[in-house]
Amino acid sequence: MKHLLSVEDLGADGIEEVMRLTDSFVEVSGRAIPKVPTLRGRTVVSLFYEESTRTRLSFETAAKRLSADTMNFSIATSSVKKGESLRDTVQTIDAMGVDAIIVRHASAGVPWQVASWVDASVINAGDGWHEHPTQALLDCYTIRERVSSLAGLRIAIVGDVKHSRVARSDVLAFTALGADVTLVAPPTLLPPSLAGWPVEVSHDVDDVLPKADVVYLLRMQRERQTEALLPSLREYTARFGLTRERARLLADDALVMHPGPMNRGVEIAAEVADLPRSVITRQVANGVAVRMAVLFLLLGAGRR
Amino acid sequence: MAERERSATPPYGGVFVARSQVMDADDLRRAVTRIAHEIVERNHGLDHVVLVGLQTGGGPLARRLGEALHRVEGTEVPVALLDVALYRDDIGLRPVMPEAVTNIPFDLTAKVVVLCDDVLFTGRTIRAAMDALNAYGRPRAVQLAVMVDRGHRELPIRPDYVGKNLPTRRDETVNVTDDGVELGEMVKKGTLR
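Those protein sequences? They're chains D and X, same order as listed. Offset between the first sequence (1-based) and the working numbering: plus 2. Offset between the second sequence (1-based) and the working numbering: plus 1047.
Just chain D, with the same shape it has in the complex (with noise of 0.2 Å):
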């Protein structure tokens, strides 16, 4: 595999790979002196166009652990100021000699135009609101964690789902590994198509609480919405919110999850952001292992 541009890239099988490989780079984090040598001498670039804190941090990461030299690109101090073109951008660092770029960009299927024009190798940390595939793997990883199988398990996705690449990714995950997904947000926050979705979709969360396995919270991503979709974020707590009242409803063994990051006493309560049943910090702890894998994947294991 060259890029890893979506999940539907990997397929069940190659998710299933992603997982075995991360039960190895989850021991390397472990160690007292958490570094193996095994990319010495390759180059990864971060090419960001959005801000983020814990793709970034966590690729980075994830990249040094594996001796691979990082270098990173912020648009405010590049030449993108001066008005160069993201072709151009893309083709200067590609003369480089790198090995990898990770992109994120606010427009849906730059990652796939950028693939096709260098030669390194392409992961897609977020294009739009399309996709953000190395999330849904840590989010698989995360919740084999804790319960051996996706297959059957039942997730409800709660929120901002029309704006969420996270959403996207994960119901193409989740759904190859067998889970059962459902959708929770009001109309105006749901797609406008989701034909072809192999997804229920339901409007009222004290419905589908009580029986899910898994709750995951997308966040309100109010730096994409660009009309009024909603009376107030206070109703949107009020009806969709996991209040601390609403966490009561789910099962003992139920697990909540959220990609970050999280506003607090909107989608989430802040108590129940740090309740044990919250998988939230081990989503971050298992991003760094899941990009080594995928890291690895890329660049080290050879082509097949």
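A few of these clues could be false.
As the list claims (entries may be wrong) - Quick list of simulated restraints, FRET-style, between CB atoms:
1) X:Asp1226 x D:Gly130: 54 to 64 Å
2) D:Glu225 x X:Thr1224: 57 to 67 Å
3) D:Glu273 x X:Thr1224: 47 to 57 Å
4) X:Asp1226 x D:Met3: 35 to 45 Å
5) X:Phe1153 x D:Asp276: 29 to 39 Å
6) X:Asp1154 x D:Asn74: 32 to 42 Å
7) D:Ala253 x X:Asp1094: 45 to 55 Å
8) D:Thr283 x X:Glu1201: 41 to 51 Å
Said to hold, decoys possible - Anything over 10 Å on all C-beta distances counts as not near chain D; from chain X, calculated:
9) Val1062
10) Arg1081
11) Val1087
12) Glu1120
13) Arg1174
14) Arg1185
15) Val1189
16) Arg1205
17) Pro1206
What the hints contain is simulated information worked out from the structure, not anything from laboratory work. The model shown is predicted, which means the values in this text are computed figures rather than measured ones. Every residue gets a Cβ at the ideal spot worked out from N, C-alpha and C, and that includes glycine.
Chain D is already provided as a structure; the job is to place chain X on it using the hints.
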């Protein structure tokens, strides 16, 4: 690393076809017992000795040596498992995949580490293993136990304990299981009649 598995798992393909049996289960048992005695003799007992099996072919040898050492000296010797894939020198040159997860739940500093593997061939796996051990401490000494030394070394590495020296051609494959040792070759799938 199990030579047969390395050649048979998905990136490599092919099936192992045995040409001759070199050791049977009794030969293996006797070799393990002899090596156990040699380890005790060489180290004047078992103080600080730990066994580290290389994933995945060295795991069974490490486990069996642990049992034999217990019979010989009455001492429980810690057994750990090490995967060397992330330390190999041919990453990017040929398909390389971790075989199984490393499990070394103790510090190796000041220990006498006996690396265990089923087959010693080019020595590159052992080089990678010595590199990997650094991540778990600074052993006082590292020794090497293998069930079969098949020659063709590419690095200045020699075993301290050998079950059997077995002259081979480079293109042959040695298959070690609990039932014995077979010499044969990997045949591409579809070419078998």
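Hint by hint, work out which the structure violates, then give me just those numbers in ascending order. none
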